[in-house]
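Just so you know, the sequences run in chain order A and B.
Quick note: the first sequence, position 41, residue 40 per numbering that gives the first Met the number 0, numbers continuous.
Quick note: the second sequence, position 14, residue 13 per numbering that gives the first Met the number 0, numbers continuous.
Please note that the accuracy of each hint is not assured.
List time: in silico SDA-like cross-link candidates among lysine to any residue, alpha-carbon distance up to 20 Å [stated by the list, open to error]:
id : chain 1 : residue 1 : chain 2 : residue 2
1  : A       : K240      : B       : S90
2  : B       : K58       : A       : Y169
3  : A       : K184      : B       : E66
4  : A       : K58       : B       : L55
5  : B       : K59       : A       : Y169
6  : A       : K80       : A       : D203
7  : A       : K58       : B       : N173
8  : A       : K58       : B       : G191
9  : A       : K50       : B       : S90
10 : A       : K59       : B       : E283
11 : A       : K58       : B       : E312
12 : B       : K50       : A       : F94
13 : B       : K248      : B       : K308
14 : B       : K184      : A       : S74
15 : A       : K308      : B       : D203
16 : A       : K184      : B       : V65
17 : A       : K50       : B       : M177
18 : B       : K58       : A       : D311
19 : A       : K116      : A       : K58
20 : A       : K58       : B       : D83
21 : B       : K50       : A       : D203
22 : B       : K59       : A       : V245
23 : A       : K50       : B       : D49
Computed far set for chain A versus chain B, every beta-carbon distance over 12 Å [said to hold, decoys possible]:
id : residue
24 : G19
25 : G45
26 : A51
27 : Q52
28 : P136
29 : M177
30 : L180
31 : G191
32 : G273
Please keep in mind that the hints were generated in silico from the structure rather than gathered at the bench.
Because the structure is a prediction, the values reported are computed rather than measured.
We put the beta carbon where it would ideally sit given N, CA and C, even for glycine.
Protein chains: 2
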Amino acid sequence: MHTREEGMGKSKVLVVGGTGYIGRRMVMASLSQGHTTYVLQRPETGLDIDKAQMLLSFKKHGARLVEGSFSDHRSLVDALKLVDVVICTMSGVHFRSHNLLLQLQLVEAIKEAGNIKRFLPSEFGMDAARMGEALEPGRVTFDEKMRVRKAIEDAKIPFTYVSANCFAGYFVGNLSQMGTLFPPKQYVNIYGDGNAKVVFMDEDDVATYTIKTIDDPRTLNKIVYLRPPENILSQRELVEKWENLVGKKLEKITISADDFLASMKGLDFASQVGVGHFYHIFYEGCLTNFEIGEGGEEASKLYPDVKYKRMDEYLTLYL
Amino acid sequence: MHTREEGMGKSKVLVVGGTGYIGRRMVMASLSQGHTTYVLQRPETGLDIDKAQMLLSFKKHGARLVEGSFSDHRSLVDALKLVDVVICTMSGVHFRSHNLLLQLQLVEAIKEAGNIKRFLPSEFGMDAARMGEALEPGRVTFDEKMRVRKAIEDAKIPFTYVSANCFAGYFVGNLSQMGTLFPPKQYVNIYGDGNAKVVFMDEDDVATYTIKTIDDPRTLNKIVYLRPPENILSQRELVEKWENLVGKKLEKITISADDFLASMKGLDFASQVGVGHFYHIFYEGCLTNFEIGEGGEEASKLYPDVKYKRMDEYLTLYL
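Isolated chain A (complex conformation):
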């Protein structure tokens, strides 16, 4: 594959949060695009054997582990001095872990290190800047991301924010049903008219596009939206793809906006956050109800050589 970067000097990358759901893919994409790749190894991993063995497997693939802790500023600065680019993928998903504000410490360390040419904070969802009217309590995600952005921009740290929209593992395999990660068998809940356009992304493609941005002057201090045209689908279109694969129609249960919002009552905090986000995505169409303006770029236009995964192919995994 020929890319526009080929032959140019490749930045060295540090991934913070490399054992997470998106981070592990960043590590592999960074390696496969030829970047010297460091992964922060935090003592907090403790006895988590899955994380430990993932770190070892990165090493096997050529990554370098560098020890550092968020409770040791010096160690972060030292790790940063090894690289040019930092990608942070600390989780902001409330039912996993939510560490977004730890990034403020990372910003401090980047300021001190002084050598970082590009910082990609943990975004990879909706564009937080467009979520100023988001519902409580889900808005915490966007508010925290905006605090981190402000710290980055106040410090004049070069950045790229990647808006990666809906990860397929959470939104496609389950036909966007809540509370499960597998396709429903009989009934499918349809949010409103089911026609709001959503953007679904294979997680490996999220990483591939992200790594492509890091040495690209076109994405400097920009928001990069992942909106590959064939993956802009309504929930109804997604369900139809599945129905075509299984050769069977599912019964549709329409959920009105009011009923959906009412369902938040009595749920635990993480689930309330989830309902709010689903509402903005599927009822308001927040992923696609705007044009990408001045400060933004669209990834599949920047990198037309990436063969992104289509959602009917993604769904075959679940057959």
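Starting from the structure of chain A, add chain B where the hints point.
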């Protein structure tokens, strides 16, 4: 590779606990040894995306997912009816999850299904039958395993118990230090004289040997001990292998049995369990202080064709 089973009918296998640390290796070993392999898919997986994607990756490798829940007896019976052999790898490690007694429900389902030719319950550690004098609170592991054994034997269910000794991920990469999974850099705690013989096993080899037993009449109603001769090492020998790899001596800190036991005080339950197990292994030498008798077989003698991983090779991962 030619094995004695080659050409014979291969049993169909169900793995219960297939997304766990050992279970995932059982699934892959079962597939690679040519068994039709089912993995129980439990609704309890919920929104655990790592488990969900592991299940999908098993499918990609040719495994079949079968839905079932421990809160639905019928579903377990139906899943069992698809296979000949059941391997249960539900965790008994207290700092992960401990579900050993759920297996009593599995025994009930196996009784009702009536077609299971071999059941391998979640053992894969020390031989529980030899741990009658084990310390509180760690003895809970052995007591629970013995309750499960009794239920199996009372029901006359054909079994194999695999005593897999020390998983290398937990005992080798850290030179058997507690509280970490990576090698110490300066000092290493040595338990007593450091000369008690221990058996260290690569986890993939545990799975390879285990799957080899399932259709083998020599292992019917037997305990199979994994004791490949070159992996019977004292802690000092293990440390020396690492020192040879890094070309540097570590400072040794000897911990007396009394001091080690005293360290249990004030620890949380899971850590107390850990200290007790370490005590039996490293001070009492419980893995090797007996000859394998009538009811047992040794795996590397039964399957000399398996090229088991040596611990110096295993340790190179950590360099």
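Against the structure, the hints:
1. Of the pairs offered as hints, the one joining K240(A) and S90(B) is violated, with about 38 Å between alpha carbons and a cut-off of 20 Å exceeded.
2. Between K58(B) and Y169(A) the alpha-carbon distance is near 18 Å, which keeps this suggested pair within the 20 Å criterion.
3. Under the criterion of a C-alpha separation no larger than 20 Å, the hint pairing K184(A) with E66(B) is consistent with the structure, at around 12 Å.
4. Proposed proximity of K58(A) and L55(B) is contradicted: the alpha carbons are some 25 Å apart, above 20 Å.
5. A threshold of 20 Å between alpha carbons decides the hint, and for K59(B) with Y169(A) the separation of about 19 Å falls inside it, so the pair holds.
6. Under the criterion of a C-alpha separation no larger than 20 Å, the hint pairing K80(A) with D203(A) is inconsistent with the structure, at around 28 Å.
7. Restraint check for K58(A) and N173(B): satisfied, since their Cα atoms lie roughly 17 Å apart, inside the 20 Å limit.
8. The suggested pairing of K58(A) with G191(B) is violated, with an alpha-carbon distance near 34 Å, which exceeds 20 Å.
9. In summary, the hint linking K50(A) to S90(B) is supported, as the alpha carbons are separated by about 17 Å, within the 20 Å threshold.
10. Taking the CA atoms of K59(A) and E283(B), the gap is about 36 Å. The hint is violated against a cut of 20 Å.
11. Of the supplied pair hints, the one linking K58(A) and E312(B) holds, its CA atoms being roughly 15 Å apart against a limit of 20 Å.
12. The suggested pairing of K50(B) with F94(A) holds, with an alpha-carbon distance near 14 Å, which does not exceed 20 Å.
13. For the given pair, K248(B) sits about 24 Å from K308(B) by alpha-carbon distance, which is inconsistent with the 20 Å threshold.
14. For a cut-off of 20 Å, the pair hint linking K184(B) to S74(A) stands: about 16 Å separates their Cα positions.
15. Taking the CA atoms of K308(A) and D203(B), the gap is about 32 Å. The hint is violated against a cut of 20 Å.
16. This hinted pair checks out: K184(A) and V65(B) have alpha carbons roughly 14 Å apart, not beyond 20 Å.
17. With a CA separation close to 17 Å, the supplied pair K50(A) and M177(B) stays within the 20 Å bound.
18. The hinted pair formed by K58(B) and D311(A) meets the criterion: a straight-line CA distance of about 17 Å does not exceed 20 Å.
19. Of the supplied pair hints, the one linking K116(A) and K58(A) is violated, its CA atoms being roughly 24 Å apart against a limit of 20 Å.
20. This hinted pair does not check out: K58(A) and D83(B) have alpha carbons roughly 39 Å apart, beyond 20 Å.
21. Using a Cα cut-off of 20 Å, the hinted pair K50(B) and D203(A) holds, with the two alpha carbons roughly 17 Å apart.
22. At roughly 17 Å between alpha-carbon atoms, K59(B) and V245(A) fall within 20 Å of each other, so this suggested pair holds.
23. Taking the CA atoms of K50(A) and D49(B), the gap is near 11 Å; set against the 20 Å cutoff, the hint holds.
24. At roughly 10 Å from the closest C-beta of chain B, the C-beta of G19(A) falls inside 12 Å, breaking its exclusion from the interface.
25. Listed as a non-interface residue, G45(A) fails to keep its Cβ farther than 12 Å from every Cβ of chain B; the least gap is roughly 7 Å.
26. Against chain B, the non-interface label of A51(A) is violated: not every CB pair exceeds 12 Å, the least being about 4 Å.
27. With 12 Å as the threshold on Cβ separation, the claim that Q52(A) sits away from chain B is violated: the shortest Cβ distance comes to roughly 6 Å.
28. In this structure P136(A) is separated from chain B by more than 12 Å, as the shortest Cβ-Cβ distance comes to about 18 Å.
29. Residue placement check: M177(A) does not keep its beta carbon more than 12 Å from all beta carbons of chain B (closest about 9 Å).
30. Some Cβ of chain B comes within 12 Å of the Cβ of L180(A); the nearest lies about 4 Å off, and the non-interface call is violated.
31. Interface exclusion of G191(A) from chain B stands, the closest Cβ pair being 23 Å apart, more than 12 Å.
32. Against chain B, the non-interface label of G273(A) is violated: not every CB pair exceeds 12 Å, the least being about 9 Å.
Hints 1, 4, 6, 8, 10, 13, 15, 19, 20, 24, 25, 26, 27, 29, 30, 32 from the earlier list are contradicted by this structure; the remaining hints agree with it.
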